[in-house]
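Enquirer: Construct all of the structure, not just a fragment, from the sequences and the given hints.
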Amino acid sequence: MQFTQLGRSGLSVSRLCLGTMNFGPLTSEDDSHKIMESAHGYGINFFDTANAYGLRSAGVSGLGEGRGYTESIIGRWFAQGGGRRERTVLATKVYGAMGEWPNEGKLSALNIRRALDASLSRLQTDYIDLYQFHHVDRDTPWDEIWQAIDVAVTAGKILYVGSSNFAGWHIAQAQAAAAQRGTFGLVSEQPIYNLLTREIELEVLPAAQHYGVGLLPWSPLQSGLLGGVLRKERESRRRLEGRAAQTLEARRPQIEAYEDFAAELGHEPGDVALAWLLHQPAVTAPIVGPRIQQHLDDAVRALDVHLDEKALARLDEIFPGYRTAPEHFAW
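First residue of the sequence shown? That's 527 in our numbering, and the numbers climb one at a time after it.
Careful: at least some of the hints might be erroneous.
[Said to hold, decoys possible] Calculated pairs, EDC-like style, for lysine to aspartate or glutamate (alpha carbon to alpha carbon, straight line, at most 20 Å): (1) Lys758 with Asp830; (2) Lys758 with Glu790; (3) Lys758 with Asp652; (4) Lys560 with Glu775; (5) Lys683 with Glu727; (6) Lys560 with Asp823; (7) Lys758 with Glu727; (8) Lys560 with Glu612; (9) Lys758 with Asp823; (10) Lys758 with Asp786; (11) Lys836 with Glu775; (12) Lys683 with Glu725; (13) Lys683 with Glu670; (14) Lys758 with Glu775; (15) Lys683 with Asp652; (16) Lys683 with Glu612.
[To be verified] Restraint-style ranges between C-beta atoms, simulated for each label pair: (17) Asp669 with Arg757: 50 to 56 Å; (18) Ile818 with Glu790: 49 to 55 Å; (19) Gln699 with Leu838: 50 to 56 Å; (20) Ala839 with Gly792: 17 to 23 Å; (21) Asp652 with Ser749: 18 to 24 Å.
Because the hints were derived from the structure by calculation, they are not lab data. Small disclaimer: the values here were computed from a predicted structure and weren't measured. All C-beta atoms, glycine included, are put in the ideal place defined by N, C-alpha and C.
Expert: Have a look at this one:
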């Protein structure tokens, strides 16, 4: 396994992050535990979850019902001991509504306090390594947010703080407010980023580089569209529906060219997509969210894929990216 530091922090994390969103809704607890064991076996020490994950578990659909179930699965795995918690850099998130009453979601000081304690209880741990704001909260001032975080850090409940789905100016706003308080601020941002979805290159990526914020891309295979979907379609192994199917039809020529190029390189399409992210500036670790063990086994192969400048240039031809704003659209 390869390791790097999370943003400008001194925290060492694996170049792949284990995403747990499927644990509970799509992956049984026993299989989830086996995948986490396997991740440690591969040397992956970085696990990502969220307090709201698990909503679809047990077939529930009501607001709040089932949320937190994924954290509970992880907590019961930690409770088995054997150094499981100590070897894990644990990241979770706060923002999503956990119930129907006011102050059961978003980033008020009250919700941060309650949600953090609830996550600690479900995860069966006394601290969170990386506590992430799942979305920006436009209704809560940053002074309030950072004050609540300062209290939690002082209490030893949080070590580092990150964001998710922030715009570039949100990162700047958060870091400016943290600097005024003399606190460390954000060390990571978790955006959607892959060869098909590159909008963060306009402002989020340069903001992250400027402020020393590590990127943790989610959906690195764009819901499987970069994982050899056309071959699986031909072999009748996968049939897409909804938005993914619409995206496939709209961008089929690009995806065809991409799969052909991956074959030229001698690699699986999914391996190339993950390797491309690992070559991008500011990216700390793509988040891989396996549903079954094979998905994790496949993801680890990407660590051995080297893309030279010619290969990276060809991928840019197939999936054009963005220059930093305002150069991209102003001159």
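Enquirer: When the hints from earlier in the document are held up against this structure, which numbers fail?
Expert: Numbers 1, 3, 4, 5, 7, 11, 12, 18, 19, 21 - these are the hints that the structure violates, sorted from lowest upward.
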